[in-house]
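K.L.:
First to last, the protein sequences are chains A and B. Position one of the first sequence corresponds to residue 800 (my numbering), numbered consecutively onward. Position one of the second sequence corresponds to residue 800 (my numbering), numbered consecutively onward.
Simulated from the structure, these hints should not be mistaken for lab results. Each hint should be verified, as a subset may be incorrect.
Derived DSSO-like pairs: lysine-lysine, alpha-carbon spacing no greater than 27 Å straight-line [unchecked claim]:
1. B:Lys1568 <-> B:Lys1500
2. B:Lys818 <-> A:Lys830
3. A:Lys824 <-> B:Lys824
4. B:Lys1013 <-> A:Lys1365
5. B:Lys1365 <-> A:Lys1013
6. A:Lys830 <-> B:Lys1379
7. B:Lys874 <-> A:Lys1070
8. A:Lys1379 <-> B:Lys1013
9. B:Lys1362 <-> A:Lys1013
10. A:Lys830 <-> B:Lys1070
11. B:Lys861 <-> A:Lys1013
12. B:Lys808 <-> A:Lys1013
13. A:Lys861 <-> B:Lys830
14. B:Lys818 <-> A:Lys1013
15. B:Lys1351 <-> A:Lys830
16. B:Lys1070 <-> A:Lys818
17. B:Lys824 <-> A:Lys1070
18. B:Lys1379 <-> A:Lys1013
19. B:Lys1013 <-> A:Lys830
20. A:Lys818 <-> B:Lys830
21. B:Lys1013 <-> A:Lys818
22. A:Lys1379 <-> B:Lys874
23. B:Lys1013 <-> A:Lys1070
24. B:Lys818 <-> B:Lys808
25. B:Lys830 <-> A:Lys824
26. B:Lys1013 <-> A:Lys824
27. A:Lys830 <-> B:Lys861
28. A:Lys808 <-> B:Lys1013
29. B:Lys824 <-> A:Lys1013
30. A:Lys824 <-> B:Lys1362
31. A:Lys874 <-> B:Lys1379
32. A:Lys1362 <-> B:Lys1557
Number of protein chains: 2
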Amino acid sequence: MGEYSVIGKRVPNVFGRSKVDGSAKYTDDLKFPGMLFGGLLRSPYAHARILSINTTRAEKLKGVKAVITGEDTNKVPYGIFGFTRDQLFLPTDRVRFLGEEVAAVAAVDEQVVKEALELIEVKYEPLPVVTDPEEAMKVGAPQIHEPFRGFLGPEQGDLSRNIGVRCKRDYGDVEGGFKDADLVCEDRFRTVAINHGTLEPYVTLARYDHGSGKVEIWCPNQAPFQKMRAISNLMQMPLNDVVVRKIFHGGAFGGRSETFAADLCAVLLSKLTRKAVKICFTREDTFILRQKHPYIIDIKAGVKKDGTLTALDIRLISDGGAYMSTGPIAIDFPSVVVESMYRTSDFRYESFEVYTNKPVRGAMRGHGGQQMAFAMDSLMDMMAEKIGMDPVDIRLRNARRPGEMLPSKSQIRSCGFTECIQKAAKAMDRGAKKGEHGSRGIGIGCSTMISGFSLGFRTPSSALVKLNDDGQATVISGLQDSGQGNETMAVQIVSEELGIPMEDVRILNADTELTPPDPGNYAMCTTFVSGNAVRCAAADAKEQLKAVVAQKLEANIHDLVLKDRKIFVKGSPSMGMTVKQAVRESFRSRQPVIGRGSYQPDLDMNTSWSVGKIEGQRTGAYTFGAVVVEVEVDRETGQVRLIEAAGAQDVGYALNPSAVEGQNEGSIVLGQGMVLTEDLAWDEGLMLNPNFLDYRMPIAKDMPRIRSIIVESMDQDGPYGAKEATETINIAVIPAIANAIYDAVGVRIKELPITPQKILAALKGQERKGVER
Amino acid sequence: MGEYSVIGKRVPNVFGRSKVDGSAKYTDDLKFPGMLFGGLLRSPYAHARILSINTTRAEKLKGVKAVITGEDTNKVPYGIFGFTRDQLFLPTDRVRFLGEEVAAVAAVDEQVVKEALELIEVKYEPLPVVTDPEEAMKVGAPQIHEPFRGFLGPEQGDLSRNIGVRCKRDYGDVEGGFKDADLVCEDRFRTVAINHGTLEPYVTLARYDHGSGKVEIWCPNQAPFQKMRAISNLMQMPLNDVVVRKIFHGGAFGGRSETFAADLCAVLLSKLTRKAVKICFTREDTFILRQKHPYIIDIKAGVKKDGTLTALDIRLISDGGAYMSTGPIAIDFPSVVVESMYRTSDFRYESFEVYTNKPVRGAMRGHGGQQMAFAMDSLMDMMAEKIGMDPVDIRLRNARRPGEMLPSKSQIRSCGFTECIQKAAKAMDRGAKKGEHGSRGIGIGCSTMISGFSLGFRTPSSALVKLNDDGQATVISGLQDSGQGNETMAVQIVSEELGIPMEDVRILNADTELTPPDPGNYAMCTTFVSGNAVRCAAADAKEQLKAVVAQKLEANIHDLVLKDRKIFVKGSPSMGMTVKQAVRESFRSRQPVIGRGSYQPDLDMNTSWSVGKIEGQRTGAYTFGAVVVEVEVDRETGQVRLIEAAGAQDVGYALNPSAVEGQNEGSIVLGQGMVLTEDLAWDEGLMLNPNFLDYRMPIAKDMPRIRSIIVESMDQDGPYGAKEATETINIAVIPAIANAIYDAVGVRIKELPITPQKILAALKGQERKGVER
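Produce the complete structure using the sequences and hints provided.
P.N.:
What follows is the structure, given as structure tokens:
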């Protein structure tokens, strides 16, 4: 580690300056000559049959250039997986949630768009609405979907009960495990839909060029190559004709992973009008676009007196809203988190992705991990209390260790879980103090996470490293950066490998036309997968440079090192040449240096939903984290103040400690919002608070003191030992706060968010029951 | 040849449609938010000292955003070669030609720019002007340049006599050769400055981004990587920060090879104003920008009775205008054309690039070849007449043949010269007919050309071929296309190699940030050098695809062929898979297909001006051509009508016969203008006719019937045997027309253009002398 010049060092974000000085361009900053504005007409019903759509009046409005409905589309259904193709980007038969897009307009300005949308006449026949997933699962509930192309059928879904997909795992002898237990504990936990809260509202801009037949798309997105594929498929255009361009984006958190109806409307409107078309969402539209899946989790665990878990049985209902989206992942992934956290071979897990007449739920940071850890780690504390064990000790007793094989036959390799728990606990090792009005408490939460994931069709990441004749380099990679610093990481890696300063390296990324393919910035694979690809490409360029120098100087290639813009015989800096000279020499020898590299972890890609059971290596590396927090609860108001949080994560190796710490801090605060304040209010399918005033996210003054603890387990496969960073912190903080509130005032709230009302009500219940802490 | 699917076929230009329907964007089509317009203040004197420049009034004008003079620049001198750094992009001391840029303005619109330029007060002290190169070479002539950085000194230049650079070659025993001759003939020939006549006036657009420190430049240009290097050097910015973007351009013909003061002014103005700045030239500005070098050629040749050349002695004066530009090439290249055309080992050649107070002369199609061939091949006809030999026979007698070693020790490899002469002659094999008022005549001209050239620092061309998971490909190459069809060629090559139709291949090219380096679209190297690089990259991708299939099907990799979007065992189309399947398989096997290739001919790159003598391989391949034309000369008006032209060129192998024929036709007409009508009128340093009305280029109605004859010698190194196409035709047509005029009316005009006035004057002279044909 000490040998690195740039890797492992605190380096600033390579685009930090342009983001601060305003020169970084976001989609809404883009303007094109003659550009039109687009808008979407949304359903005012949560469930209704579309009887007719009359666009005549809208089309006649001055300034309107095109109006489209589902009839103008290819009617190719979409879904992320082959078996989830349940959605048309503009439906023709019925609407299934309030806010669903039914028509789109392109016009000369946004005012005309608004007026035109009002002139579209849609006749609906309202249908019975179901918004509660448990109600939706009952026989006789309104059925939201008819069978669609690719649907897996009764084994994994049951549309008559609105079950889009079901996931079932049964490992070992669960009933036997419960029999071996000294204590069996079970409970139900609930979470709600929350919003990603990206600062940038969604915006999508398409420019179709009739000369070349190509369409260019700009939008905040986490996976340009996935978006390219979806648009290619849905518009029935060759991949080469769909170009997703790089653009900065203001936050993602999973919510920018998919292709949305708006993207396709922009493309189609642009094609029809022969102009660029930009569709800007309002904040309300952005709230409706996607939310985190709300879960109902029934969890039952057996434990011995010494704290050893003997069995786990989990049943999970996910409220997926009107279309499946990432539902299959959302109901699978919690099992991954649970099995990789605590040791038990007797593990049963059943989960349901249920349709309701709510907006579509999709990926959001953790993708089910937060909800699951809330249940799991709340229950761990409840069991620890009952057997009289310290919460830290019960976790240490069960925490996964290096080399362990999970029930699903996926192996844990590097693992610093124990160290994370110990270090987070130690950092906060002091009794909770009483405040004037309130009580203080301390709580711990844990989590695990993955680095790349096996579900679905995945491409490796590839990268190229191009050298200029002044010795500077350009790294060309498909990797996307949503603000975490992935681009900076790629520049660091090339800088390290080629022995040139970071300012000598530029990055060109996330453009489906220019860059080689990359899976995308999700499933925590950018550092692990894309980072490795960049390292391979840079190492390839390095070998080419060394070969040039070795031949020119008649040196042994293995003796050469690259450092300080020079390539020289190790220990003899005078025996060598500059990188610039080597590049020029490569031109002279007619073999310009172009490094090429690819990476994909060796996963069992055949694990798929159609086989009904998942077994095999599911990720390149697991990561582990523990968060300990201190809260103060005001017994009079029920208000919770998060005072301090210590988050320790095994990141394998911190390529850029500043970036890891920044991510850690974001993770803590994101979790804080989910636990304490964030809640969408609904009136049936209608979202009542889609704005940042009524929907309360943490702001600067809410921030706790944060201690970031980096644990380094040096993963065997990660680039320089690195793996995913700090997503576990965002998960572990959820149960940590819930456990700390219990520690402070003795009330156990099992439904998120833990609002003052719920605390006060619980405190009153305590009083009524005369329960003392 | 019969085995190819796409190569050698008549295929349309891949961007033809977008050029026709108007969707192809040219620099002036680009607009950016807040974009400013730039303008240049030009000197009204051909030679003057700059006493002072006062920009105060201009700066105060409303709408003006920046005014710059030489004092605002880095004052880094520029020149194409290290020893030609004689120019500042805005001079501070003196102006050396009428039209030289002395200040630049950026403002909100072009009207304000115009007004601001008028408000800049420049005080000049006029200096003596010299515009005739022979006058300039006299002792005591006004000296235009003081010694500058890199100047080679008296051996190759003599600034006191305004000689910028001199070139001298002396091979064999020239005096001995003349002694062996039966006839020694000598004469003087002159040519004038002509303009490239690109339909698009010059325009340059720069956008400097303060966040990243990068500048993007769009302009019609033939060598984006050379422009990148020049701007990097002159603006003292790293290469990575200078991005020359691809943009279509409306003609080049050598005139878009260089970096101009306007480019640098746009960059500097953009940097200062933080806005995009576009500078659009008028047609007059474009005329002033660059012209073809006018030559005075004294040529002396010895010939035996049987037509064998015995010796050649040439002295050439090139009027380079105020700065050197491509002068060193302009005075070297004619020797290459001469020595590779006709066999003689006794060859002396001396040439001078002379400064005059005229605008700068630079590269133009042929780069001296036209002027030289005019002299050489006029003299050949004069000698043939004197020894009573047929013009075709004397050429066949002396024409270079395959394998011959030139005096400069450069070897001719593939060579179909004899066939070209024979086929062109045969195509026009009939007597000239007399018209009513005129006389008809037939003439022949010959030429040779190169495919890639050794002069100066050159980079190889590199290319990448990226495969999509739908089996389509993108070729990424630095190659530039000025309309010849180079992009189409690259697409053809990838299509051929990968066995997929051309519509499955997209090209991404000529962008210094995105694409690997390429020397540029000049010195006739795109097909030969860049084409080979693309072929290498496509072949690399092909091998990777084959490896995937071989492994999957357990087939022998050598038995596999790619055709019709499939990869299969030769002869067994059912044993294989589609390219799409193979790409997806490559993803599964974690090695996505990315082809990589580079090419540079094996030239003697050490040949340089500083050694004073050039010996070694100078080009990858020589090409050869012959043109036979029929003209009708009106004896009353002196008007010449070009009736028909047959151009035969050895192109190695015609990758796309339609493109070769299109080039052939352009070459004939371009030459026609140079011989018959194009002439710039001057009043000292002032250009009098810089417009398409007074400067007469051929138009549609002037076009002759054209026969394109393709000769294929299958070059050993060219891609599929191809080499440079049809530049020889543009050269050979010059003497062909001159010789045909002599054949028609018996007058030999030795100064281009051959105007009616000159013909009438010569005809009158004939009458006076009583000379009969």
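K.L.:
Evaluate each hint against the coordinates.
P.N.:
The hints, checked one at a time:
1. For the hint pairing Lys1568 (chain B) with Lys1500 (chain B), the CA-to-CA distance comes to about 36 Å; that exceeds 27 Å, so the pair is violated.
2. Proximity of Lys818 (chain B) to Lys830 (chain A) is assessed by CA-CA distance (about 23 Å); at most 27 Å being required, the pair is judged to hold.
3. A threshold of 27 Å between alpha carbons decides the hint, and for Lys824 (chain A) with Lys824 (chain B) the separation of about 22 Å falls inside it, so the pair holds.
4. A distance of roughly 25 Å separates the Cα atoms of Lys1013 (chain B) and Lys1365 (chain A); the hinted pair therefore holds under the 27 Å criterion.
5. Simply put, Lys1365 (chain B) and Lys1013 (chain A) have alpha-carbon atoms about 25 Å apart, close enough for the 27 Å limit, and the pair holds.
6. With a C-alpha separation of about 36 Å, the suggested pair Lys830 (chain A) and Lys1379 (chain B) falls outside the 27 Å cut-off, and the hint is violated.
7. Note on Lys874 (chain B) and Lys1070 (chain A): the hinted pairing is violated, with a Cα-Cα distance of about 49 Å set against a maximum of 27 Å.
8. Restraint check for Lys1379 (chain A) and Lys1013 (chain B): the C-alpha separation of about 20 Å stays at or below 27 Å, so the hint holds.
9. Between Lys1362 (chain B) and Lys1013 (chain A) the CA atoms are separated by roughly 25 Å; this keeps the pair inside 27 Å, and the hint holds.
10. Note on Lys830 (chain A) and Lys1070 (chain B): the hinted pairing holds, with a Cα-Cα distance of about 21 Å set against a maximum of 27 Å.
11. For the proposed pair Lys861 (chain B) and Lys1013 (chain A), the alpha carbon gap of about 42 Å is over 27 Å, so the pair is violated.
12. For a cut-off of 27 Å, the pair hint linking Lys808 (chain B) to Lys1013 (chain A) stands: about 26 Å separates their Cα positions.
13. Distance restraint check for Lys861 (chain A) and Lys830 (chain B): the Cα-Cα separation of roughly 26 Å lies within the 27 Å cut-off, and the hinted pair is therefore satisfied.
14. For the given pair, Lys818 (chain B) sits about 15 Å from Lys1013 (chain A) by alpha-carbon distance, which is consistent with the 27 Å threshold.
15. Between the alpha carbons of Lys1351 (chain B) and Lys830 (chain A) the distance comes to roughly 48 Å, so the proposed pair goes past 27 Å and is violated.
16. Pair hint Lys1070 (chain B) plus Lys818 (chain A) holds up; C-alpha atoms about 19 Å apart against a cutoff of 27 Å.
17. Distance hint between Lys824 (chain B) and Lys1070 (chain A) is fulfilled; the C-alpha atoms sit about 18 Å from each other, no more than 27 Å.
18. Of the supplied pair hints, the one linking Lys1379 (chain B) and Lys1013 (chain A) holds, its CA atoms being roughly 20 Å apart against a limit of 27 Å.
19. Note on Lys1013 (chain B) and Lys830 (chain A): the hinted pairing holds, with a Cα-Cα distance of about 20 Å set against a maximum of 27 Å.
20. Of the pairs offered as hints, the one joining Lys818 (chain A) and Lys830 (chain B) holds, with about 23 Å between alpha carbons and a cut-off of 27 Å not exceeded.
21. Using a Cα cut-off of 27 Å, the hinted pair Lys1013 (chain B) and Lys818 (chain A) holds, with the two alpha carbons roughly 15 Å apart.
22. A hinted pair counts as satisfied when its Cα atoms are at most 27 Å apart, and Lys1379 (chain A) with Lys874 (chain B) qualifies at roughly 25 Å.
23. At roughly 32 Å between alpha-carbon atoms, Lys1013 (chain B) and Lys1070 (chain A) are farther apart than 27 Å, so this suggested pair is violated.
24. A threshold of 27 Å between alpha carbons decides the hint, and for Lys818 (chain B) with Lys808 (chain B) the separation of about 21 Å falls inside it, so the pair holds.
25. Taking the CA atoms of Lys830 (chain B) and Lys824 (chain A), the gap is about 16 Å. The hint holds against a cut of 27 Å.
26. For the hint pairing Lys1013 (chain B) with Lys824 (chain A), the CA-to-CA distance comes to about 14 Å; that is within 27 Å, so the pair holds.
27. Proposed proximity of Lys830 (chain A) and Lys861 (chain B) is supported: the alpha carbons are some 26 Å apart, at most 27 Å.
28. Between the alpha carbons of Lys808 (chain A) and Lys1013 (chain B) the distance comes to roughly 25 Å, so the proposed pair stays at or under 27 Å and holds.
29. Between Lys824 (chain B) and Lys1013 (chain A) the CA atoms are separated by roughly 14 Å; this keeps the pair inside 27 Å, and the hint holds.
30. For the given pair, Lys824 (chain A) sits about 44 Å from Lys1362 (chain B) by alpha-carbon distance, which is inconsistent with the 27 Å threshold.
31. A threshold of 27 Å between alpha carbons decides the hint, and for Lys874 (chain A) with Lys1379 (chain B) the separation of about 25 Å falls inside it, so the pair holds.
32. Between the alpha carbons of Lys1362 (chain A) and Lys1557 (chain B) the distance comes to roughly 69 Å, so the proposed pair goes past 27 Å and is violated.
Comparing the model with each earlier hint shows violations of hints 1, 6, 7, 11, 15, 23, 30 and 32; every other hint is respected.
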